[in-house]
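A.B. asks: Residues per chain are reported as follows:
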Amino acid sequence: MNNTEIVKQSLKRRYAREKRFQLYGRCAVLVGFVFLALLLTDIVVKALPAFSVTEIRLDVDVSREALELPVEGRLDRDAIIAVNFGGVIKKSLREAFPDVTKRKQKRELYRLVSSGAEFALQAMLVNNPDLIGDQPLRIWFKADDDVDTLYKLDTRTSRISDLQLGIIEQLRASDSIRTVFNTTLFTASDSREPEQAGIRGALLGSFWTLLVTLIVSLPVGIAAAIYLEEFAPKNRITDFIEININNLAAVPSIVFGLLGLAVFINFFGMPRSAPLVGGLVLALMTLPTIIISSRAAIKSVPPSIKEAALGVGASHMQVVFHHTLPLAMPGILTGSIIGMAQALGETAPLLMIGMVAFIVDVPGGIFDSATVLPVQIYLWSDSPERAFTALTAATILVLLGFLVVMNAIAIYLRRRFERRW
Amino acid sequence: MKKLMLTAAVSVASVALVANAYAAGRSTISVVGSSTVYPFATVVAERFGKKTSHATPKIESTGSGGGMKLFCNGIGLNTPDITNASRRIKQSEYEKCQANGVKDIIEVHVGFDGIAVANSSKAQKLELTRKDLFLALAKDVPNPDGSETLVENPYKTWKDVNPALPNIEIEVLGPPPTSGTRDAFAELAMEGGCKKFDWIKAMKKTDKSAYKSVCHNVREDGLYIEAGENDNLIVQKLDKNPNALGIFGFSFLEQNDDKVQGSVIEGKSPEFETIADGSYPISRPLYFYVKKAHMASIPGIDAFLKEFTSEAAMGEDGYLIDKGLIPLSDSEREMLRKNTLAGKTLQM
Numbered sequence: 004m005n006n007t008e009i010v011k012q013s014l015k016r017r018y019a020r021e022k023r024f025q026l027y028g029r030c031a032v033l034v035g036f037v038f039l040a041l042l043l044t045d046i047v048v049k050a051l052p053a054f055s056v057t058e059i060r061l062d063v064d065v066s067r068e069a070l071e072l073p074v075e076g077r078l079d080r081d082a083i084i085a086v087n088f089g090g091v092i093k094k095s096l097r098e099a100f101p102d103v104t105k106r107k108q109k110r111e112l113y114r115l116v117s118s119g120a121e122f123a124l125q126a127m128l129v130n131n132p133d134l135i136g137d138q139p140l141r142i143w144f145k146a147d148d149d150v151d152t153l154y155k156l157d158t159r160t161s162r163i164s165d166l167q168l169g170i171i172e173q174l175r176a177s178d179s180i181r182t183v184f185n186t187t188l189f190t191a192s193d194s195r196e197p198e199q200a201g202i203r204g205a206l207l208g209s210f211w212t213l214l215v216t217l218i219v220s221l222p223v224g225i226a227a228a229i230y231l232e233e234f235a236p237k238n239r240i241t242d243f244i245e246i247n248i249n250n251l252a253a254v255p256s257i258v259f260g261l262l263g264l265a266v267f268i269n270f271f272g273m274p275r276s277a278p279l280v281g282g283l284v285l286a287l288m289t290l291p292t293i294i295i296s297s298r299a300a301i302k303s304v305p306p307s308i309k310e311a312a313l314g315v316g317a318s319h320m321q322v323v324f325h326h327t328l329p330l331a332m333p334g335i336l337t338g339s340i341i342g343m344a345q346a347l348g349e350t351a352p353l354l355m356i357g358m359v360a361f362i363v364d365v366p367g368g369i370f371d372s373a374t375v376l377p378v379q380i381y382l383w384s385d386s387p388e389r390a391f392t393a394l395t396a397a398t399i400l401v402l403l404g405f406l407v408v409m410n411a412i413a414i415y416l417r418r419r420f421e422r423r424w
Numbered sequence: 011m012k013k014l015m016l017t018a019a020v021s022v023a024s025v026a027l028v029a030n031a032y033a034a035g036r037s038t039i040s041v042v043g044s045s046t047v048y049p050f051a052t053v054v055a056e057r058f059g060k061k062t063s064h065a066t067p068k069i070e071s072t073g074s075g076g077g078m079k080l081f082c083n084g085i086g087l088n089t090p091d092i093t094n095a096s097r098r099i100k101q102s103e104y105e106k107c108q109a110n111g112v113k114d115i116i117e118v119h120v121g122f123d124g125i126a127v128a129n130s131s132k133a134q135k136l137e138l139t140r141k142d143l144f145l146a147l148a149k150d151v152p153n154p155d156g157s158e159t160l161v162e163n164p165y166k167t168w169k170d171v172n173p174a175l176p177n178i179e180i181e182v183l184g185p186p187p188t189s190g191t192r193d194a195f196a197e198l199a200m201e202g203g204c205k206k207f208d209w210i211k212a213m214k215k216t217d218k219s220a221y222k223s224v225c226h227n228v229r230e231d232g233l234y235i236e237a238g239e240n241d242n243l244i245v246q247k248l249d250k251n252p253n254a255l256g257i258f259g260f261s262f263l264e265q266n267d268d269k270v271q272g273s274v275i276e277g278k279s280p281e282f283e284t285i286a287d288g289s290y291p292i293s294r295p296l297y298f299y300v301k302k303a304h305m306a307s308i309p310g311i312d313a314f315l316k317e318f319t320s321e322a323a324m325g326e327d328g329y330l331i332d333k334g335l336i337p338l339s340d341s342e343r344e345m346l347r348k349n350t351l352a353g354k355t356l357q358m
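Residue numbers (the working numbering), protein chains in the order written: chain A, 4 to 424; chain B, 11 to 358.
If you are wondering where the hints come from, they were derived from the structure by calculation, not from laboratory data.
What you are looking at is a predicted structure, and each value in this text was computed from that prediction instead of being measured.
Heads up, the beta-carbon is just placed ideally off N, CA and C, and yes, glycines get one too.
Any given hint could be a false lead.
These stretches of chain B come out as covered by chain A in the derived footprint (C-beta under 8 Å, 3 or more residues) [claimed, not checked]: (1) 213-225; (2) 261-269.
Cross-link-like lysine-lysine pairs, in silico, DSS-like; alpha carbons within 30 Å at most [to be verified]: (3) B:Lys61 <-> A:Lys105; (4) B:Lys215 <-> A:Lys93; (5) B:Lys222 <-> B:Lys169.
Isolated chain B (complex conformation) (with noise of 0.2 Å):
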């Protein structure tokens, strides 16, 4: 019992000193953000944390929305200095930036990330349109009889959605709502099959809520599965079951290309030069965010940033690229470098 008593006592006077040896200040910069971004900031991290006599910054993957609402949350030591974001800013994030006192963001465009629609290499490649992805993904759809009237979606096979395309049953894996991939998806694939209906088209001008929701909302009929936000996952089960498609990153796509393909959308496949040249329909700009205030208290923000905006990271044979992001133009870069360099902040 007095063993006890003495380790509890020594274990508390040892908590109590390293209480005292924590300095009041925080060496390591913090980054938080999206689950897209992270492959490639933490990449940087490390290299940046090998290379100089900084701390390796810490990553933590919240996603764009959550790193959001941590990023402007306020100023001050407790709060990350960087968010990462598989999408730009909203207006209404800037604002609560700007009102808890968030003034002065840098925003550094970093690359591009191509989603792809793939199925097992064992089947066939699919050869779709961003019009058959919304038909056969949309909760509701337009009446197949050609009035201007949706019903609940009817289409069962893709043979159903396109005659063009085979006669299986449509089963999608794909990331739940809470997914970076999953918004991106739905505003760029889903929503560009939707604008084909000019009578939908024309309702983003009447009621934009209902245009968005229609073009937005993905069926609950079972034949959409969310998978969970696990790319690895999905790829899993693709292998095993050669009649369901998945939707995941470009990265996952080529790691794995030997069990999975990529179908073909409007007649570009994914690959890394039709995502560069913006050809692919289905590839969404990535970001980071940093707060200007930060920089003056913790050291290493702006060599972090020298890092990742560096020709040797987001060049055209950079690091990064061979992690499977996908490079700004040359032009773009050497503007997107002399702004973050200068400081440049978000003005929206």
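Isolated chain A, as found in the complex (with noise of 0.2 Å):
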């Protein structure tokens, strides 16, 4: 038996091992995808009935008379302001349902509809003084989170009576009561009922948490790479750095809140729950994966360039900063890119800052209170009331399209950038 034949036995063998090989890969691969799958439908189905909101209409009486107003004269805003509007909201409920009578009943009755509806009747009254006159409105109400459920789910719980229920069939015959698209979701800020809950206040603290991380990461990596990979001598020192930043980029992210907490707040006296400090602690915790990736990108510009410039007479500086830079710059913005999404789905380092914690107000700046996308999810997910499962899902989902859209145009930047050799 000569080699030729040995080898011609042994074929057989070698083709089932390698297909056996590649079957093992698929089946890792359809695994991975099946459980993407299952946790986006999860979350997808889970999300919808976020992106809608059940509302009741209910004609209010907006004469000056029923809102305590003096019938002549010019009405000024802080008149308008200080109306009970709860009460005439409540007037309206009874005057459509006037069977209810007992205590008890009425207070299931005023239930219907959603705490923030006098809040909605004095804005819309307020910005359009206009409209007060013996001229009844038909408004539509949000419904609170409980009818909301009932209605878009049709899942009762004991939160709902046998006369709330029997009114909602009224308001359903006489079709008063619809669901259309939640714009709350993205307009207002947290709030403690479902129905008014959105995640503006989020997604603009995400921004300038970002922002800040942004302004003081970027600068500072690529210095600091460039530093290292150009102009630093080889010895131990710089080894040792080199060693150092790798370990830091293993770090666990709530160290870098103990940090921060000891630091920035303690020592520097920073505001808490503040984004300036937010995005100075995710700095330090992306400024390892920005110099790593830009050193990666540096490194990967080809010697032939420098020496080509170096050769016509060029400094240094001059070849770094006209030459090897900008032929960096894609694989220096896609690291820096990942290291921004990393830092947007961070909660943990927030944890220790306080920066989880219930904010209503819209952060306009890097001192106001604020909180993150991440943490509005965790915060949600732990709230009693049923309706959050599904505004926790909605944001979750719209937290991973920025994820997507980031790591989008980090792609983008490569391919489009990026010089092969």
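Both chains are given apart, each in its own frame, so use the hints to dock them into the complex.
C.D. replies: Next up, the structure:
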């Protein structure tokens, strides 16, 4: 038996082995894909109810007498604000359902409409005082979250009484209840009432925090990478620094939060819960990622280009800034964007510096108290009200959307500007 | 490259500008503390922000102990004004507060919260006693042969614990040791059951720390499962597993009573009325504490206190009740309102 025959005999086995290996690979991909698909469908299915909201139509008497405003003369803003709008809405509910007379039943009736309805009516009349007059207004008010859950999902808890169920049936019969797209989700901030809660505050909080992170980590990271890669001497100290940077990339993020609490808040006296501190902490966390990816990008620029530039008389500085850096930029930006995307999804370090909090006012800058998207997800997932489950899933979808966009930008930049040698 | 540098310069300048605009003071009330009081405090804060010209208070959920630590750190704009607690302030915490300059503290008793031991509505409703809970969940229990010694918990099923209970394996999902709910459960349910053994009760006088460890230590052999701080998660798991029991706050039970049912404890179901009149055995008081020294420098604290203690909030028909808070009695509320608004401080 010569060698060729031995090889020929073993051929079948070797092919089979390769086939088996490919099969394992496909299985691994399939398992990953199935899990991802399950997760996504679960989130999407749970999130869908959050994008619609139930409204109830009421005829509201907005005459001056009903609002207890002076009958004659111009109305000033403060007088309108001071009107007891809660009472006005209760009155129109009573008039719509005159059969409800007992005190306990009346309370059940009032609870059908969101507690934010009075503020909605107030805002409407303050912004448009001409509406005040003898003509009653037909207004769609948000329903309470219990009604919303019942109407949209058809699941009834004991929080809905028989009386309320009967009234909802009456409303349905007279076309006075409907579901519409939930714009509040994008225009409002956190609230303890699911039907009034939105993600605007968290979105802006994330924006301010990431702005600080970007401003701090990008210049520092790139400068460190250029120095270490192009100028620093190779000796024990730089080796030591390099090892530490690599280790830092693997440090659990909560440690950076503790550092932020000790240094930025307790030592420098920066305000708690502010995007400034959050951004600085996240910047420290993303720095290693940016430095490592920037160094890799700078290293991948072919030496021939640098040598050619040096050959025609450019200084070391000129070589770096005119040739190496522009060519490495796509790689640097890709790394930075991926670092930013990581920072966008982080909650653990923010826990220590007070950004895990109930904050209603939309942050207007980096010193205002703010929270961020992943924190909002965490807070809502822990709320007792049933309707928050859907809001949680919807926020996850929004966050995933941003992450996908950021990663897509990174891929685009790499494709568009990358040069192959 | 020039563009990048320009952008960087503009960004730095804008940060500097905002920094200048940042006033030295703080106009938002800062609240920290218990995750159990958090759902109630946030509702009040939101209403307060909408109704008044003050900013909406910022509320962090740090846990009762964590909140006290921050609160007692001292006086000043960088420390919180109010801390929530699902138990009363401890003597040691009060002393720490005093030592750090937090002299005048106003104590506000908000109401009560019940802890439910619940299972899936698809399963049989259980009738338990605190003694059953202690025997089923403690790390060491009195020797079943009747001698006054402790043995490692041998019980595997509820029937082993009490022959009247069904023959299903003990599987209880509950909060981890960091949670205030767990503290309260250990103190109210387990210690309550543990005291039923006279010789253990006698230990309280002779060896208090041993008594506490016997009564409060939860078994670690896997039959008590720490399910994290997230009560919604426990509800979901109970829904999937009809044999398991879960421990969580009353407000979660109320919101999910189509999926789960509260077990009867010593003849009382966890209901609004039984918790309010104190007959349901596992209920705990909820508090918050205010720094009197901050009332002068932070605007709106007195208005916030007024809103929180108002009849519209914590009264019997108040909006907090709608969120699952169990109110104080009429006379207690009257008393509380008077003391709080007069700024009566805590003496321990």
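A.B. asks: Now tell me, hint by hint, if it's right for this structure.
C.D. replies: Here is what the structure says about each hint:
1. 213-225: Answer violated; 0 residues pass the 8 Å Cβ test.
2. 261-269: The restraint on the segment 261-269 of chain B holds, since 7 of its residues have a Cβ under 8 Å from chain A and three suffice.
3. B:Lys61 <-> A:Lys105: Holds, at about 29 Å.
4. B:Lys215 <-> A:Lys93: violated, 58 Å
5. B:Lys222 <-> B:Lys169: Holds - the C-alpha atoms of B:Lys169 and B:Lys222 are around 26 Å apart, at most 30 Å.
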